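Please construct the entire structure, taking both the sequences and the accompanying hints into account.
Residue numbers (the working numbering), protein chains in the order written: chain S, 1 to 278; chain G, 1001 to 1272; chain F, 2001 to 2265.
Since the hints were made in silico from the structure, they are not lab data.
All of these numbers come straight from a predicted model, not from anything done at the bench.
Ideal Cβ positions, reconstructed from N, Cα and C, are used throughout, including at glycine.
Careful, some of the hints might be misleading.
[As the list claims (entries may be wrong)] Anything over 10 Å on all C-beta distances counts as not near chain G; from chain F, calculated: (1) Leu2152; (2) Gly2210; (3) Val2222.
[To be verified] Which residues of chain F face chain S? A few of them, derived with a C-beta cut under 10 Å, are: (4) Ala2044; (5) Asp2094; (6) Arg2096; (7) Phe2105; (8) Gly2115; (9) Leu2117; (10) Arg2123; (11) Arg2126; (12) Cys2156; (13) Ala2169; (14) Cys2172; (15) Arg2176; (16) Gly2242.
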Amino acid sequence: MATTRTRSLLARIPNPRLFCAGALIMLAVITLIVIGMVWMPYEPTAMSPDRLQGVSAAHLLGTDKMGRDILSRVMYGSRITFLVALGTMAIGAGFGILVGAVTGYYGGIVDEVVMRVTDGLFAFPTVLLALVIVSLFGSSTLNVMWALGIAFVPSFIRVARSEVIRCKHLDYVKNARLMGVRDARVIFVHILPNVSGVIMSNVMIGFNNAVLSEAGLSYLGIGSQPPYASLGQMISEAQEIFFTVPSAVLGPGMVIVLMVLGFSLMGEGLRAAEGRMA
Amino acid sequence: MHGDSVIADAPILQIRNLRLEFHDHGHPEVAVEDLSLTLHRGEILGVVGESGSGKSMTALAIAGLLNRHALDCGGEILFDGVDLLHCGRSTLRHYQGDEISMIFQEPMTSLDPLQRIGMQVEEALRIHHKELSAAERKEAAIRAMGAAGLAEPEQVYGMYPHELSGGMRQRVMIAAATVSRPQILIADEPTTALDVTTQAQIIALLRQINAEDGTAIVFISHDLSLVRQLCHRVIVMRRGVAVEMGTSDEVFLNPRHAYTQSLVDAIPKVVL
Amino acid sequence: MTRTVTKMGGVYETHARLNGSALEVRNLNVYYRERARMLRRGNALERVLHDVSFCVRDGEILGLCGESGCGKSTLSKAICGIVREFDGEILLADERPLMVFQDPFGSLNPAKRVGWLLEEPLRADRTRTWTPDERATRIEEVAAQVEVETALFDRCPTELSGGQRQRVAIACAIMRKPRFLIADEPVSALDVTIQKQVLELLRSLHESMGLSMLFISHDLRVVYQVCDRVMIMREGRILEQGVVRDVYRNPSHEYTRSLLAAAGI
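Okay, structure coming up:
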């Protein structure tokens, strides 16, 4: 039973091959993070006299200018980056989908106002909006998460709203309403599961943007504070030693690339190919 | 009736052992199996079947509109001595829209909403008859539109699709398909999306085009009573196989195959 | 008895005391308002139904025939209580009617399984609560009536054929034992052989349950097969109504004659 169920779920994914490739990459990244939670070669903040060492058996990715093990720091940094992206999506997608679905379903003046506000928010670049919020409330990992989350809300309002509007005139939704199904149930039980493909695909892409924005912000020095570092900060710190210890930049860079690639592929896999029914 | 004289005429299109097989996601699916038929000059041939019978696939194959990458095909479709199933793209394009043209079920989506009607009706001439001047093209388009039963074709010429009703759009489609006086017109459920009274007018129009220009028509439909009204000969298809073939009267009055019989029985009878 | 009165004076009443009819519509006018722009309330009203009066008697199938844009769907919406801007009276002997729609691909939620879909009308019933046991028995009963095998309960609608889907849709519509339902072109999207089976099913439900129906169709042959009486509608008006055979034999209106001719009757 369980296996047929998963199989039919997989069969409903428009492009399972792309999705699985992305999922495999993400699995690798998550394995790295999970291992890092249990065991790391060195304490990521522990300094040692072996500075600026290249790749070796003792330090698989070498050490930075304070003698800290880069592999351990990458493991720790990916955890921060990943969690920030996850939190950002939870806030942005959670709130955005809720508001978008409800206003799209009811329409009317509230919908109109919400749309104009999101249009206004859209006018700001995401990173700029996040910068404003962070500079108001202070720079910490948690604040960056909130800032990015709020900055991502409008795009999810848009997606959820348009999908719900598309669905609310379909016969099965009309049917449910005629039966006397309550509005909240119509929205969340009858409509949303049918648009989950489109929304999930957007969540995956949003996840990418979150990873990149977080990296961008921390490259600018906003976010988690030293001596802990997210991937973006590590790259920012390591750029001066790029030619001495290239792995100091390439290590965290690789992980960012893998995360983005993994989620892109998963999102692409969930998106129905042009001209084909989902 | 008229059937006999028509069949004596030369065949214009011959399909021999046509086999179409799709491999979607690695599952081969046979859409048409071992189909052979002959279309004669000036004949209206009905292809009847329910969904999944392969009738639309056959139509698309004749029109050369199938995606050859997702398809295994066997047999041949001979027109003018050329195998349309295996010929090169440029050869195919030479016939498409000029000698063989097609109209579809949905008049709402088969016209480009951003182009004026006139442009779309002239399209086939612009591609296949470059020797014509703009004025000649316009004249031909307006003539075709008039023949397709559009009142005031000069005005419709400058309009956009959204300004027309469903029935008028289907007339525009027919005008566009017949402007180059094709030898074969493939009509894939051309009246299904239309109201009954409009439907009757479109059927009359197809009959008229056939009678006046001698255009051979392949009329694909699920509606048996329509096919019977219009077609000289009929092919009944089921799951990719032609189960019965014959003149309209033969097929509808004395169906030999049990499936044809069930189709005939399914038409609601009205006894007044 | 629940009675709603609209701003325009239209009366919509369910559980009304009607003398031998399931539905009575009296002097119904339905208007469409031009979509209100922000801040500016347009008062442009367009009348789409003109003085429509008819009734569906208990245990009767009333056919409604007309071409696209004649007001068929507006009328069915009004009867379902979705339309706000109308005057006249819509009186129903029972609760708000459910509908069986044309497109069996669109009328069932593709994300759910058949069993869940069949249960939803019972869960959503606001007049009474159904215990899980009652639901299970009722679902089995109806599934047997519409000939949907229990093996299908675990499937998604996408895995069913058109005919099976329409059976499920009909099962959903009759789940709460209604006295009246609206069938909006229920067989137009089906293959002829399937069409025949579904029509037979509707007819048998009508006989076994005493179900009355408003049967909307553009196909006069189908109407002849299932309906007792028929109304011909054009441009928001009812041109004529009567017993199917009488109307077909002696159409009093030129338009009816052209419809009959087009259908080859």
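Quick rundown of the hints versus the structure:
no. : hint    : verdict
1   : Leu2152 : 19 Å, holds
2   : Gly2210 : 23 Å, holds
3   : Val2222 : 5 Å, violated
4   : Ala2044 : 19 Å, violated
5   : Asp2094 : 13 Å, violated
6   : Arg2096 : 6 Å, holds
7   : Phe2105 : 9 Å, holds
8   : Gly2115 : 14 Å, violated
9   : Leu2117 : 9 Å, holds
10  : Arg2123 : 8 Å, holds
11  : Arg2126 : 5 Å, holds
12  : Cys2156 : 7 Å, holds
13  : Ala2169 : 8 Å, holds
14  : Cys2172 : 7 Å, holds
15  : Arg2176 : 8 Å, holds
16  : Gly2242 : 29 Å, violated
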